[in-house]
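Engineer: Following our numbering, the residues of the sequence shown are numbered contiguously, the last one being 417.
Worth double-checking, as some hints may not be accurate.
Heads up, simulated EDC-like pairs for lysine to aspartate or glutamate below, C-alpha to C-alpha not over 20 Å straight-line [to be verified]: (1) Lys-343 to Asp-370; (2) Lys-369 to Glu-353; (3) Lys-34 to Glu-353; (4) Lys-232 to Glu-243; (5) Lys-375 to Glu-357; (6) Lys-32 to Asp-42; (7) Lys-354 to Asp-370; (8) Lys-295 to Asp-249; (9) Lys-252 to Asp-242; (10) Lys-369 to Glu-49; (11) Lys-274 to Glu-22; (12) Lys-302 to Asp-192; (13) Lys-179 to Glu-130; (14) Lys-369 to Glu-389; (15) Lys-174 to Asp-194; (16) Lys-343 to Asp-42; (17) Lys-204 to Asp-192; (18) Lys-208 to Glu-181; (19) Lys-208 to Asp-194; (20) Lys-302 to Glu-184; (21) Lys-393 to Asp-370; (22) Lys-401 to Glu-389; (23) Lys-204 to Glu-22; (24) Lys-159 to Asp-227; (25) Lys-182 to Asp-170; (26) Lys-302 to Glu-181; (27) Lys-375 to Glu-389; (28) Lys-354 to Asp-376.
FYI, nobody ran anything at the bench for these hints, they're computed from the structure.
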Amino acid sequence: MAKNVGILAMDIYFPPTFVQQEALEAHDGVSKGKYTIGLGQDCLAFCTEVEDVISMSLTVVTSLLEKYKIDPKQIGRLEVGSETVIDKSKSIKTFLMQIFEVYAEGPARPTGGAAAIAMLIGPDAPIAFESKFRGSHMSHAYDFYKPNLASEYPVVDGKLSQTCYLMALDTCYKYFCHKYEKQEGKQFSLSDADYFVFHSPYNKLVQKSFARLVFNDFVRNASSVDDIAKEKLAPFSTLTGDESYQSRDLEKASQQVSKPLYDAKVQPTTLIPKQVGNMYTASLYAAFASLLHNKNSELAGKRVILFSYGSGLTATMFSLRLHEGQHPFSLSNIATVMNIAGKLKSRHEFAPEKFVETMHLMEHRYGAKDFVTSKDCSLLSPGTYYLTEVDSKYRRFYAKKDGNCTGNENGSVVNGR
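Build the full structure now, drawing on both the sequences and the hints.
Structural biologist: Right, here's the structure in full:
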């Protein structure tokens with residue numbers, strides 16, 4: 001039987017174009033700090049007209065296979081996760097789609113982003129799944145939008161979304177702890193894991209999520225937190241679940257007492273989500289990639305807990321046990337191959353006005369047919385796929401940029417084939 005099944009290799013791709021959240025605050029006319037402090041975000045990555053979920057996915061999967069010298073014939077199964085559909089008549093999997101989303105102007109846009117993650121799964125992995133420790137939750141809920149009586153379009157309800165997220169987190173943590181205690185014969189607390197990785201719509205929610213876990217530990221076993229935390233959290237110990245989700249005082253107190261642990265166990269996972277934005281399906285693993293980037297030399301023997309969340313809603317908390325592994329499937333090589341620092345450094349900053357102009361074009365093109373893009377790949381790195389046209393039958397054509405800053409359309413891809 002295969003042992004240590006998990007992640008053998010990873011790669012990440014995000015667009016080379018981004019806008020500073022601070023500049024976006026000024027452009028949108030909102031109060032200073034609304035996006036940078038209120039959401040906890042630094043930058044927002046976005047696709048121009050020549051990139052989309054399919055081009056990003058083609059790029060990152062091809063990159064992973066090439067860098068690790070893997071023959072596609074060796075791959076026994078392909079799994080794809082995405083929250084974005086471009087071609088309604090064609091399987092997402094045939095496009096190797098990952099994730100990209102465009103929001104209309106308004107409160108949700110600063111929480112946008114774009115990226116794709118590719119992972120190779122197999123035995124004897126340096127990043128092994130602890131399959132016996134898992135807690136899942138699923139329910140039918142409209143956790144993102146609420147009806148808008150003044151318009152045919154619903155409006156984003158951030159508070160509703162946050163409450164549903166935290167409720168799912170609580171439930172998954174309860175089930176996870178139960179599984180752990182049944183297997184290990186002792187109560188689980190945050191001290192039993194070295195790092196925590198969260199689905200990251202925006203960083204402020206990640207801070208609140210970890211603080212919520214600290215509160216959970218306090219409620220389950222007050223001795224698991226220090227005396228200062230006990231004193232600050234004690235006034236909230238009798239709140240009902242619903243009351244606790246609505247309490248701003250609890251939210252503030254729990255974030256205060258959890259900050260030292262947050263800095264040690266969560267902050268190293270936040271680099272890419274803060275720099276790129278919400279990557280939806282790729283969000284959790286982009287946060288994990290941040291941890292590998294920041295701490296790869298210190299992770300052997302460590303346990304990492306991940307919390308995955310999808311609107312609608314479904315959520316899972318699960319555990320990974322890390323080992324250095326053997327080249328090329330090692331923690332250090334995974335970090336080297338991803339080259340996160342290099343990719344972030346090589347990006348191009350756009351002014352908010354140019355960002356908005358690009359979004360208007362993307363919105364106009366969404367679902368459209370019979371058009372040709374500018375084919376401008378000057379900002380893309382060699383090896384990046386890009387969209388060249390969509391014909392009258394909605395077929396999408398892609399080319400791969402070669403080393404001479406030109407597109408190789410002789411090797412174009414049509415509908416992912």
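Engineer: With reference to the structure, classify each hint as holding or not holding.
Structural biologist: Status of the hints after comparison with the structure:
1. For a cut-off of 20 Å, the pair hint linking Lys-343 to Asp-370 is broken: about 33 Å separates their Cα positions.
2. Taking the CA atoms of Lys-369 and Glu-353, the gap is about 26 Å. The hint is violated against a cut of 20 Å.
3. Among the hinted pairs, Lys-34 with Glu-353 is consistent with the structure: their alpha-carbon atoms are about 19 Å apart, no more than 20 Å.
4. Proximity of Lys-232 to Glu-243 is assessed by CA-CA distance (about 17 Å); at most 20 Å being required, the pair is judged to hold.
5. A C-alpha spacing of about 17 Å is found between Lys-375 and Glu-357, which places the hinted pair at or below 20 Å, so the restraint holds.
6. With a C-alpha separation of about 13 Å, the suggested pair Lys-32 and Asp-42 falls inside the 20 Å cut-off, and the hint holds.
7. With a C-alpha separation of about 25 Å, the suggested pairing of Lys-354 with Asp-370 is violated against the 20 Å cut-off.
8. For the suggested pair Lys-295 and Asp-249, the alpha carbons sit about 34 Å apart, so the restraint of at most 20 Å is broken.
9. At roughly 17 Å between alpha-carbon atoms, Lys-252 and Asp-242 fall within 20 Å of each other, so this suggested pair holds.
10. Taking the CA atoms of Lys-369 and Glu-49, the gap is about 14 Å. The hint holds against a cut of 20 Å.
11. A C-alpha spacing of about 12 Å is found between Lys-274 and Glu-22, which places the hinted pair at or below 20 Å, so the restraint holds.
12. Between the alpha carbons of Lys-302 and Asp-192 the distance comes to roughly 10 Å, so the proposed pair stays at or under 20 Å and holds.
13. The suggested pairing of Lys-179 with Glu-130 holds, with an alpha-carbon distance near 11 Å, which does not exceed 20 Å.
14. The straight-line distance between the Cα atoms of Lys-369 and Glu-389 is roughly 9 Å, inside the 20 Å bound, and the hint therefore holds.
15. The suggested pairing of Lys-174 with Asp-194 holds, with an alpha-carbon distance near 19 Å, which does not exceed 20 Å.
16. Taken as a hint, the Lys-343 and Asp-42 pair is honoured in the structure, with Cα atoms around 16 Å apart against an allowance of 20 Å.
17. Note on Lys-204 and Asp-192: the hinted pairing is violated, with a Cα-Cα distance of about 24 Å set against a maximum of 20 Å.
18. A hinted pair counts as satisfied when its Cα atoms are at most 20 Å apart, and Lys-208 with Glu-181 does not qualify at roughly 25 Å.
19. Taking the CA atoms of Lys-208 and Asp-194, the gap is near 18 Å; set against the 20 Å cutoff, the hint holds.
20. Taking the CA atoms of Lys-302 and Glu-184, the gap is about 17 Å. The hint holds against a cut of 20 Å.
21. For the suggested pair Lys-393 and Asp-370, the alpha carbons sit about 8 Å apart, so the restraint of at most 20 Å is met.
22. Restraint check: the Cα-Cα separation between Lys-401 and Glu-389 comes to about 15 Å, which is no more than 20 Å; the hinted pair holds.
23. Between the alpha carbons of Lys-204 and Glu-22 the distance comes to roughly 16 Å, so the proposed pair stays at or under 20 Å and holds.
24. In summary, the hint linking Lys-159 to Asp-227 is not supported, as the alpha carbons are separated by about 31 Å, beyond the 20 Å threshold.
25. Between the alpha carbons of Lys-182 and Asp-170 the distance comes to roughly 18 Å, so the proposed pair stays at or under 20 Å and holds.
26. With a C-alpha separation of about 19 Å, the suggested pairing of Lys-302 with Glu-181 holds against the 20 Å cut-off.
27. For the hint pairing Lys-375 with Glu-389, the CA-to-CA distance comes to about 8 Å; that is within 20 Å, so the pair holds.
28. Distance hint between Lys-354 and Asp-376 is fulfilled; the C-alpha atoms sit about 15 Å from each other, no more than 20 Å.
Hints 1, 2, 7, 8, 17, 18, 24, counting from the list given before, are not met by this structure.
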